[in-house]
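Q: As you go down the protein sequences, you meet chains A and B in turn.
FYI, the numbering for the first sequence is 1 to 252, going by my numbering.
FYI, the numbering for the second sequence is 1 to 529, going by my numbering.
Please note: incorrect hints may appear among the correct ones.
Said to hold, decoys possible - Below 25 Å or equal to it, Euclidean Cα-Cα: the simulated SDA-like pairs (lysine to any residue) are:
id : chain 1 : residue 1 : chain 2 : residue 2
1  : B       : Lys146    : B       : Thr315
2  : B       : Lys238    : A       : Ser41
3  : B       : Lys146    : A       : Arg212
4  : A       : Lys91     : A       : Ser189
Stated by the list, open to error - What follows is a list of derived Cβ distance ranges for each label pair:
id : chain 1 : residue 1 : chain 2 : residue 2 : range
5  : A       : Gly207    : B       : Ala258    : 39 to 45 Å
6  : A       : Glu139    : B       : Arg155    : 57 to 63 Å
7  : B       : Gln41     : A       : Gly207    : 35 to 41 Å
What the hints assert, rightly or not - Computed from the model, here is a short list of chain A residues facing chain B with C-beta under 7 Å:
id : residue
8  : Pro22
9  : Met24
10 : Ile90
11 : Leu100
12 : Ser125
13 : Ala160
Don't read these hints as lab results, they were simulated from the structure.
Predicted model, so just to flag it, every value in this text is computed and none were measured.
Note that the Cβ used here is the ideal one computed from N, Cα and C, for glycine as well.
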Amino acid sequence: MNVSVVDDARDAARLVRYACQPRMRPLADESYHELLERYRSSSEFRELVDAIADGLTLLVVAAHPEEGIVAHPHPGGIFTYRLVDYQKGIKPTERMLVGLIHIAIAARAYPTPADLEEETIKRVSVAEVDAFIRHLISELRRGGEDESGLTSTNAEFDQAWQAYDRMTSRRIKGRNGLSPACTHYWIASVLDWLVTQGLAQRATEFGSGHYRLLHRFRLQVAEAAGQVVYDKLADLRRRQMAAQATGEEEMG
Amino acid sequence: VSAEGPSVEITADLLSMLTAQERELLVDESRPVADLGESMQLVTDAGFVRRVTVLARLAPLHAMESKEGWQQFTEDRYDLRSLALAAVDSVVMRQGMEDEATSEDILTLLSRLAQLAAPDLPAANHTAVARFVLRELLNDREGGAKFVVHYSDYRDGHRRVPLPFRLLEEASGRRGQSVLRASVQAINALIGGLDLEVEDAQLAMDAVLAAQISRGQWGRAEESATKSMLLSVALAEKVRSVLAETEHDVRTVDWVDAVPTLLSNARTHLDERLYAEDGLMERMRQARNQASDAEIRATCVRILTLLGRANHRHTELHGTVLRALQTFLDAQADQRFRPVARLRLVAMTDEVLHPTVRMTADEAFEVASVFAEALAGPVVTRLPRLADFYGLLLAPARESLGKQPDDDDPDIADDEDDAQPYTDAQRAAARVVLSAALRQPCRLSELLQAASPHGPAVVDLVALSVLWAFAPEHDDADEAPMEFDDLFSTQLVVLNDGRPLDLDGYSGHDLIIVPAPLPDHQPRPEFLA
Chain A
1 MNVSVVDDAR DAARLVRYAC QPRMRPLADE SYHELLERYR SSSEFRELVD AIADGLTLLV
61 VAAHPEEGIV AHPHPGGIFT YRLVDYQKGI KPTERMLVGL IHIAIAARAY PTPADLEEET
121 IKRVSVAEVD AFIRHLISEL RRGGEDESGL TSTNAEFDQA WQAYDRMTSR RIKGRNGLSP
181 ACTHYWIASV LDWLVTQGLA QRATEFGSGH YRLLHRFRLQ VAEAAGQVVY DKLADLRRRQ
241 MAAQATGEEE MG
Chain B
1 VSAEGPSVEI TADLLSMLTA QERELLVDES RPVADLGESM QLVTDAGFVR RVTVLARLAP
61 LHAMESKEGW QQFTEDRYDL RSLALAAVDS VVMRQGMEDE ATSEDILTLL SRLAQLAAPD
121 LPAANHTAVA RFVLRELLND REGGAKFVVH YSDYRDGHRR VPLPFRLLEE ASGRRGQSVL
181 RASVQAINAL IGGLDLEVED AQLAMDAVLA AQISRGQWGR AEESATKSML LSVALAEKVR
241 SVLAETEHDV RTVDWVDAVP TLLSNARTHL DERLYAEDGL MERMRQARNQ ASDAEIRATC
301 VRILTLLGRA NHRHTELHGT VLRALQTFLD AQADQRFRPV ARLRLVAMTD EVLHPTVRMT
361 ADEAFEVASV FAEALAGPVV TRLPRLADFY GLLLAPARES LGKQPDDDDP DIADDEDDAQ
421 PYTDAQRAAA RVVLSAALRQ PCRLSELLQA ASPHGPAVVD LVALSVLWAF APEHDDADEA
481 PMEFDDLFST QLVVLNDGRP LDLDGYSGHD LIIVPAPLPD HQPRPEFLA
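Generate coordinates for the entire structure from the input sequences, incorporating the hints supplied.
A: Now the structure itself:
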């Protein structure tokens, strides 16, 4: 086989490897930087990288000059992460809250579509995220009250926010450790997970519990997570409507 | 009542006492205020509007004191504006250089300045003040959005014009570190309150610097050199932002006319700058060599350093400008085959968070996992650490007694209602067999043989208990299975001399079981007493 073809394939695979190391940054690594520039400038090389990524069950969603290759794993692929694997042995409610906190952090940093398009680095803190969710909850509770100021009794099921509401914000366990029985613990836990995934950085100079959300985070929300969650919600809504329709038919 | 004294009623009599000329001069309140033409001209002048916008850009600095959160520093000992300006200056001086200012640098500087202002207050106060100032400059209060200040434009009647701008923002530095950058507006407002085209201003600055050096106005020359440097930064920022915008979306930048003109101007200008700065540095070196005053020499060296930095910036920018066309072509090639546009971006708060929190916990989990999983990006299964391998290598080969625990259902094992696989009678029998080992050392094969009359379940239980004592599952050591609690697993020490175990149904090593030395405070089991 032609030598240059083999070399190109090796280089392309190296770039895919970088895509799987989200904490590596092209500006800090000469060879990553070179490969990234090649990806951005040569359409042949780009096709090669995309094909290798595809074969490894990855979809390249962006080639950002500062963040490097941002990849989205195909569902069911070898790089797919499952929320079920988030910390062994935690309760289902806690796991649900962990997922909810992911959404809340994204909503706090990028509330509108326009925010997702703006190339800025956002900062959040554990306390801010908690306050943001609790503010939303207080509005929901007000919305659920009837005229006499009591929670309306036709709230037919326990909603996700109530689980959050039941947990206190901050509870200390041992020396300076947060107890898993408080929401600050779980927010910090999610933010730390984002740090390991190269989506955030600690910004302790602003105080403990402060984090910086990197472009990679924004790109993942804009290019991948936002879309799939939107589809999922639409899917659920259709399912509910279908269930309602069949329910009414049976009634009639 | 006016400040001049008691008011006078203007009567006809009074007026008649004045000359015609004096009556002319008298202000008639019923008449519209004197012709505004001249004053109106002032406010419709483009220069006026420019100065108003400059003032407006300083508004966030002034507004800081009235912001919520400032009240906690009641002492009134710190000057916020000095701190803010010091922060912006310090950022601008290093902007675009190899070592751009990070938020840590700025916070350190501000804390130091705050400490000098109020040395008697605790250090935590200084840190808090520094953070307050930096966060205000970044407009953290509004999530880092642009400041929006309104001003009036009278050039065509009246128009209230919003002026969105940033002072500082966070960006990625050359090595990928997070750094602070000042906006062009901040730089211009800081330099002298004139919103000039940066290129022209720089030419002017050159002439000023040259004149000052030849006249020996060293102190001011140094100030000019600083300004020249700041203008270099502004110019670099201008080109950089155009190129960044191009890389982001090539269609938003006018590459037919505007950018080529800008780049060709920049190229010509940079050629001149590089040449001019060479000349200036040459003159400055001469001045330095000729100067006899040590202070003047030091000033020369400082200015030379400044010029050197500006020169370095120009050289780099020159490279960027020369590569710009390639950047454009790359961006075009890169973006041509991009899907026309995403259908839409999602509104995270309204379209995702709000509906999700209202769902049942199960549905919310379903939705949230989809999001969290897509957000995480690729996750490479963690490789075992070397330290784990040592443990694996040193541990004896484990026998598979009974079923292998299925890795996928640890949750079932956590269940407290886990059915006890052995009856109390079997456990009692196993206890009797194992108690022999508490009295004197024995071999596993002896124990198993002693257990065999009680049935295979007891043999199993004895074997499991010994294996547990030999190699407990360290993964969840804090919760040893209940079933071994009363089987002395902690009171036995198990050794292996490699002798093979020769017994039906079992293979492996014939382990030696020795009673563990008992801690003094622990009562000996009653059957040994």
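Q: Please go over all the hints and tell whether each is borne out by the structure.
A: Here is how each hint holds up against the structure:
1. With a C-alpha separation of about 31 Å, the suggested pairing of B/Lys146 with B/Thr315 is violated against the 25 Å cut-off.
2. Restraint check for B/Lys238 and A/Ser41: the C-alpha separation of about 23 Å stays at or below 25 Å, so the hint holds.
3. With a CA separation close to 18 Å, the supplied pair B/Lys146 and A/Arg212 stays within the 25 Å bound.
4. The suggested pairing of A/Lys91 with A/Ser189 holds, with an alpha-carbon distance near 15 Å, which does not exceed 25 Å.
5. Distance hint for A/Gly207 and B/Ala258: a CB-CB separation of about 44 Å, consistent with the stated range 39 to 45 Å.
6. For the pair A/Glu139 and B/Arg155, the beta carbons lie near 44 Å from each other, so the given range of 57 to 63 Å is not met.
7. In this structure the supplied range 35 to 41 Å is violated for B/Gln41 paired with A/Gly207, their Cβ-Cβ distance being about 53 Å.
8. The interface hint given for A/Pro22 is met, as the beta carbon of that residue sits about 5 Å from the closest beta carbon of chain B, less than 7 Å.
9. Here the hint on A/Met24 is broken, as its CB sits about 9 Å from the closest CB of chain B, past 7 Å.
10. Contact between A/Ile90 and chain B, as hinted, is not supported at the beta carbon level, the nearest pair being about 11 Å apart and thus beyond 7 Å.
11. Interface hint status for A/Leu100: upheld, as the beta-carbon distance to the closest one in chain B is roughly 5 Å, under 7 Å.
12. The closest approach between the C-beta of A/Ser125 and any C-beta of chain B is roughly 10 Å, which is over the 7 Å cut-off, so the hint fails.
13. Below 7 Å, beta-carbon pairs count as interface contacts, and A/Ala160 has one with chain B at about 4 Å; its hint therefore holds.
In the structure shown, a violation is registered for the earlier hints numbered 1, 6, 7, 9, 10 and 12, in ascending order.
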